[in-house]
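These are the residues of each chain, in order.
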Amino acid sequence: MSWRRAIYLLPLAAFAALAIYLSHGLAPGYNPELLPSAMIDKPAPAFDLAGLKGEARLTNRAFTDEIVFVNFFASWCVPCRQESPVLMDLSRRNVIVLYGIDYKDKPADAEKFLQQYGDPYRRIGVDDSGRTAINFGVYGVPETYAIDRTGHIRWRHVGPLTDDVVKNEILPLLQRLGAS
Amino acid sequence: MIRALIAAAILLGAMPAALAVEPSEMLPNPALEARAEAIGKQLRCLVCQNESIEDSGADLAHDLRVIIRERLKAGDNDGQVVKYVTDRYGAFVLLKPPVEPATYLLWFSPFAILILGAAGAWFYLRRRPAPPDEPLDLDQRRQLERLLLDDQ
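First to last, the sequence lines map onto chains A and B.
Be aware that the first sequence starts at 1, since it is given in the numbering used here, and climbs by one per residue.
Be aware that the second sequence starts at 1001, since it is given in the numbering used here, and climbs by one per residue.
Any given hint could be a false lead.
Under 7 Å between C-beta atoms, here's a sample of chain A residues computed to sit facing chain B [as the list claims (entries may be wrong)]:
1. Ala17
2. Glu33
3. Leu35
4. Ala38
5. Tyr139
6. Gly159
These are calculated hints, taken from the structure and not from any lab test.
Ideal Cβ placement from N, Cα and C applies to all residues, glycine included.
With the rest of the complex left out, here is chain B (with noise of 0.2 Å):
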């Protein structure tokens, strides 16, 4: 029995890391396997490109994966995980861009065009000139009250 035991603890002690997770397999701490899925979500998988890694059932999304949970484990915080990753793949791979110079047209543009049209569209408004404001004669008074009447 002792040594059923000690050769299935070294069994399981030679087999290789790379068996390690699959994405049904989570890390047992659950608070680390939440953080290893929020990473996950927000890295794009450079086979399906639509995809996050968490989604994607691509070979290279699997080892990623595996790698996020070992950076974890190893005691990386978050932005090292991140960074571990962008570092190999650049920028391209986190769904949401970073904020930076080459960015800033993605960005900003959208704010520009809307300031663009708002400036565009009080200078119409101001020059357009104010409808006339004159009293109304007799006959259109007289129109004005019958149709008031008509209403009640």
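Chain A extracted, bound-state conformation (with noise of 0.2 Å):
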């Protein structure tokens, strides 16, 4: 065939290549309203938030030297209960350095939550504003993020923390932070 037979195979194969694009949009699992971070790889925001149950003051100055993670839940999200046996297990296990963001709750709920849920938190800072949220870029609760020893953002993770997520993102995570 010669290349002016050829030339007219080319939309089919444009439309060959638009169909197989788009097709990824109908995969399962694939959540178009999942956004990517604008916060990688930034600082993590400036915060002083008061402690839940009369604790000390969280500030983003406790996390020096190491590599934590920051969970904004609240009592009232209900996929929040979901993720804490997760983090329960994270905890109790010493996988993470996890510290949470109370998310625009009332500390009495929040403290239900935590007796009834279980505290796998280091220490709990009360966002009652939503301003600390706001300037890590969260849009909703639950989300986690992990922070590096130089107090930069490393990853964000949006809903639930899930087993996989644990084993396919934050322990390699872990591993590259680790190693750096």
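Make the complex out of the two chains shown on their own, each in a separate frame, by following the hints.
Here you go:
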């Protein structure tokens, strides 16, 4: 077939390429509402939050020279209940250092929530206004951030943590950050 | 009376800023409020992703509306306010995507396709043999005259 003939196949080829590209949007598990974080590789925003249960204040200065995870949660958040066994397991096995930020919540409700589902956090800050969450780029709880030893955000997960996320993302991340 | 006024003033001052602006409660300065609304209409609500934060009833949209008004009152220009939000949430929050290398395909592919189509059409039409330009023979000329007469 001469190239003059082949040129008539061009639209078909273009259509096939487009169809393959667009079919990715139909893949199971693809969620177009999941957004990449604009905060990756930026320094964690500064904050200074009241502690829950009259504990010491939680500030970003607490994150020094270790890899920490910051989990935004709320007692009114249903997926937070779903992820709580995963967080409890991580914290019990000392896999990660986990701080909690209680997002737009009543402290009494948060305490009840922690009594019921367990408290996996080293310390908890109360983000009553939601401003700290906005500075992190949070758009819904739960969200979890990893901050490296230099205070930079290296990872973010939207939605509840699952065993799969731990296995496929958190453990490799720890290895990567620990090695560097 | 004076004591009551002082007490009221102290109470007002002590009210947390978080209570400030509901969508119905606008900035007293109409020029500033108009700017705030114009900015809010350009920004996507992260919760209901096809609404602007000016339209959305989501809590986060409310917070961002308040922040926009705070930034404007603090003297930021429109670009700085938009940057404040995109710094945290990325270019995705802009309802009109910016023209930058990552969005060239989005912005320019319609024109590229138009140009390709026009080029294809031009080549096709140029190569098509022109219709024969022979004079009509006698029969055809008579037929034509008849048709023209019928028409009148």
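*Which of the listed hints are broken here?*
Of the numbered hints given earlier, those the structure breaks are 1, 6, listed in rising order.
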